[in-house]
Every structure is written in structure tokens, then in C-alpha cells.
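**Student:** Just so you know, the protein sequences line up as chains A and B, in that order.
The opening residue of the first sequence carries number -11 in the working numbering; numbering runs sequentially from there.
The opening residue of the second sequence carries number 349 in the working numbering; numbering runs sequentially from there.
Note that these hints are calculated values from the structure, not bench results.
Some clues are possibly wrong.
[Claimed, not checked] Selected chain B positions facing chain A (Cβ under 8 Å, derived; list incomplete):
#1 Val352
#2 Leu355
#3 Ile452
#4 Leu455
All C-beta atoms in this analysis are idealised placements derived from N, C-alpha and C, irrespective of residue type, glycine included.
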Amino acid sequence: MNTNLETIFNEAEKRYLTSDELGAVGQYVDSLPERLGLYRLLRDQEVTLIQAVADQLEQDHRGVSVPLLEQCIKSGVLALRSCALTMLMMDDNHIHERMTWLKQSQQTYQSQEIDASFYRLLDKQLNASLNPQQMALLQPSLTVVYNTLGDRARSVEVSENLSVSSLF
Amino acid sequence: MIAVADLLLDGRVPSNYFATNVYVTSDLELGLLENRRGSRLLAIPDHFIRALYAGLDQETGQATRLVLMNCGRWWGKNFYARFCEELSEYYEKPLADMAMGDFIQSLQQCWVTHGWGLFELDQSYQHRGFLLIKTWHSPFASHAPKLERPVCFLDCGILSAFFSQLAGRELGCVQISCESMGSDCNRFLLGMPDRLQKANEGVDQKLGYEEILQQVCA
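One chain only, chain B, in its complex shape:
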């Protein structure tokens, strides 16, 4: 028999930790944004993102992709640590013991609350050893220069570092569709780096995401 009292943690039921109206607090006089644990948040204006792309292009040229990807990896690594710390403290259990549904829902809400757009995890390719992540309204896509190829290098770095730590093994990430090229959403394919080689080749050949997925899973 299910005992309702046992389902409550000291009388509370954990739910939406990253709810925007609860998670972000602001002090207009001091010009500060803080999260619900009192850690400082940084708001980045659109101009900053555009300037970041323009500045990197001028300073590093073709290496911009690599720089952004590495910045994303560093960011993703720290983001994973904070995400785990906050969520496991709130749920009063280690991340590994959390229900997958709660974890994914929290990650989706976290993405929205930080202003990175909508996030969806597509597990249809999991049996092939790949995870497909879809995002919408990414500020890093909408302000990126038009390059005739997917441009969310920062997101790629964040996702590869985040899921590498979650999986406990090194994972690569290749963006196979991009809002900046008129696609309905950004699609990121995560998997073992050597198995993503075909996806990288497909992107270089300017193939559509469906063709790339077919080739990778063939």
C-alpha cells in the first residue's frame, strides 16, 4: 500500500525548482540579479552576443568556431556542477537517484529560465547510441552571423560537456540543423566522437538533418 505521508519530504513535494518567477530575483537599486540561492546571475544584452561573434571573427578568423566550442565546454562543465548541486539539494537526493522525468523537466525549465530558449530531448535514436536535442529560440543562433552552416558552436560545447559528465564518458556534439539557416529548430546530435564523424561530414556537405541522421544510423 502506498503511504502518502512517505511521499512527502518533511511535508513538501519538490516541483518546479527553476520556475522563472521564483528562481530569478532582482534588486533594481543595486542592479543585481540573483538566483534563489543568492548566487549572482549575469544578463547579457543582444549587442554583447553580436559583438562577441564580430570580435572573435576579427581576432581569430576561422578559429572562432573552435574558440566558441571550447568556451561552451568550459561553461557546460561549470553549468553541470551548479545544476547538479542545486537540484540534488532541492530534491534532497543525488542526481543519479532522481527520476529521469523530473531531471529532464527541470533541465527544460532551467533552459527557459536562463533565457536560452526551449529545449527538448529526443530519445528516438538512443538505441543507436545517439541522443538528439532540439532547441528553439536560441539567442546564440538568432544573433549569429549567417555562415551557410549551423552556427551554435557555444551551445554545442555546453551540451557536449554537460552530457559527457552526465554519461561519465567523453561525448561529442554536432549541430545538424540551425534556426539561422531557416530550420524549424536547432538539432544537436550527441554521441561517441568517432561515431559522429559521418555527421560532421554531412554538415560539411550541407546535407539536411534527415539525411545526416539516416547516414549516421545506417
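Next up, chain A with everything else stripped away, as it sits in the complex:
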């Protein structure tokens, strides 16, 4: 459950909720039909969305082994499912917990480069398939994924390497 809402409901044990707190609950409830709709869409269109990304990825990386490509796609599926659930629950903690496992998997399989390509393609595919309102709902969790596993993660690693090596 959304940790912010959980805190609010815990507070309601001893007193009535304030207008601000009720506003936060109302905001979540009002946005729920849209969130449910987007969650269903992502669930039902998952294979189509990811297949388009996978086909392009395979074309762009002909030299990469099939098991590595498959691993990258499976991680991408997990990441998108986590984004969808995070969006539905409006709970950022959920995506952060999931990222630890996927980041570790990326390091185990040394798939930083191929993952970066995957998430670039996924971003294009999502932008082409979802409307701006749907993208806005999904964007916060997607940003976490891109920062952890995509191009932005790589640029952080490179800059860290540069700054460390520049010390010597």
C-alpha cells in the first residue's frame, strides 16, 4: 500500500484527518480510475509493446548472444511491470526496492550497454503508444528505471570513473 496513505490512515486512529490529509486521499482516489485503466492497458499490451522493442534490439545488436538479449528483455519486462504497479499504488518505494535486484542482475550479466539500448527503445515505444496523461502517470517510476539501468546510469558510472581516475 502507498506508504504516504498508510501514514495518513495510521494518524486517523487517534484523530480526524485534516483537510490536507483528506485532500491527499481524495487525489489518489480521483486518479485511481485512470491509473487502473493504464495498468490494464500495460498488462494487455505488454507482449506487443515489448516485442516491438525486442525486434529492434535484436536488429541493432546482431553480434550480441541470444541468451544475453533474452536476459535483457526479461529484466525489461520486470522493470515495466514494477513501473506499472508503482504507478497503480502511487508508491515510489516499490520501484526502488525492485531496482536493487535488477541492478544486481545487470552487474552479474554485464549487460549495461544492451540495457541502455533497451530502455532507449522502450521509451520511444511508450511515447508512441501512450497519451501524454498516461505518460505523465508512468514517468516518475520510468525515470527511476532509466536512472538506475539506462543511459543515465551509465553516464553516472562514467563520470564517477573519470573523477576517481583523475585523482591519480
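With chain A held as given, fit chain B onto it using these hints.
**Tutor:** Below, chain B alone, put in the same frame as chain A:
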């Protein structure tokens, strides 16, 4: 061409089976801890580990090392059976068919979730016939008596039994660095028992782990 639908097992993608928040469930009223299959888990307080060392020392003296090592072996043997059963059921394939990466990652997460600290498999010495395992924050190291030698005998037993069964041949395990002696982590060297003789001698001579590794691989 890769078909995405074929990568999903009945629509699901196996991931972090041992995720702490999913794997361990508790019932405060009954005081029970269970794993995600409903098997009971046992939480051991720090005092118990300290008392285990103190009691064994009083009862068995110098044989404590051997007793703990044998307990670890027994524990490791059962742990391996449960680990394989749970993981192969979750991944819907035998352990032998699992990707090495998924296996190692699951083992690392399993170690964390059971409160045994962090775990890393270093395969740099594999071509020499050895596996090096590093662990951090082991409760069995932090509560052990200071003996001026590595003290994680229980961990040694667990690891030797676990990897012996995985490799399908008898492997020995020697701890060559220990957090209880101020080392950055615990290092366990796994290999054929006769080839670990030099490592045992190095530990007895109080050599550092780097020297021991050099001697063993020379």
C-alpha cells in the same frame, strides 16, 4: 527472432524469490516466522550465538572447532536440499538448468534474507581449481570469541557441504580471513581437500589471505 511470449512462464518472469519483504512473514500473536512456502523459520538471538560458543568451549574445549564445522556441514546439507527445492519449484526447472547468474544472485539474496550477511562469489581462482567466497557482517564472526585465528567454523561447514553437493564431489573449505581479526571481510577458500592442505598450514602460521592464496596457487 526472439518471441517475448516464450520468455514468460505462464505470463510470469521469475525474479527475486528470496526478497526479504515477500519471503519472510510473521504472526505476532502466535510468535511465528514463516517463509513464503509456509515452512517455519527460527530466529536466533545474539545471546544464543554467544552462549553456543561459550557452552561448546566449556563442554568440548579444543574440539569446538570440529563440532561447529560438523554442525555446519549437517546444516549446509539440509540447506542445499531446501534451497534447490524452493528455487527449482519457483523457476519451474531443475537447478542444473538455471542460468548461473540467477543462481548466484538468488544465493546472495537468500544469505541476506536469512540474516547471515552479504555474500559474494569470486571466480578469479576457478582456473586453479578453487572458489573464493567472501562474506560480510556474519553474525557467527561478530559474536565469536577472539581466537587470533579465523573463527567462522559453522560457515565453513555450511559452505563446504553446500558446494560439495552442488559440485557433486567432496570439497573442503578453509577460512583465510576473518572479520573477528579486523579483516575487511571473511574469505573462504573452497577446493579439493588435499589441495587445501597448504591453506590450512598458512592459517596455522597466521599468514595473511594474500600470502595464503599465493602459496596455494603457486
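**Student:** Determine for every hint whether it applies to the structure shown.
**Tutor:** Now the hints, each set against the structure:
Interface hint at Val352(B): satisfied, since its Cβ lies 5 Å from the closest Cβ of chain A, which is below the 8 Å cut-off. The interface hint given for Leu355(B) holds, since its Cβ lies 6 Å from the closest Cβ of chain A, which is under the 8 Å cut-off. The beta carbon of Ile452(B) comes within 7 Å of a beta carbon in chain A, closer than 8 Å, and the hint placing it at the interface holds. Interface restraint check for Leu455(B): the shortest CB-CB distance to chain A comes to about 11 Å, outside 8 Å, so the restraint is violated.
Going through the hint list in order, the structure does not satisfy hint 4, though it satisfies all others.
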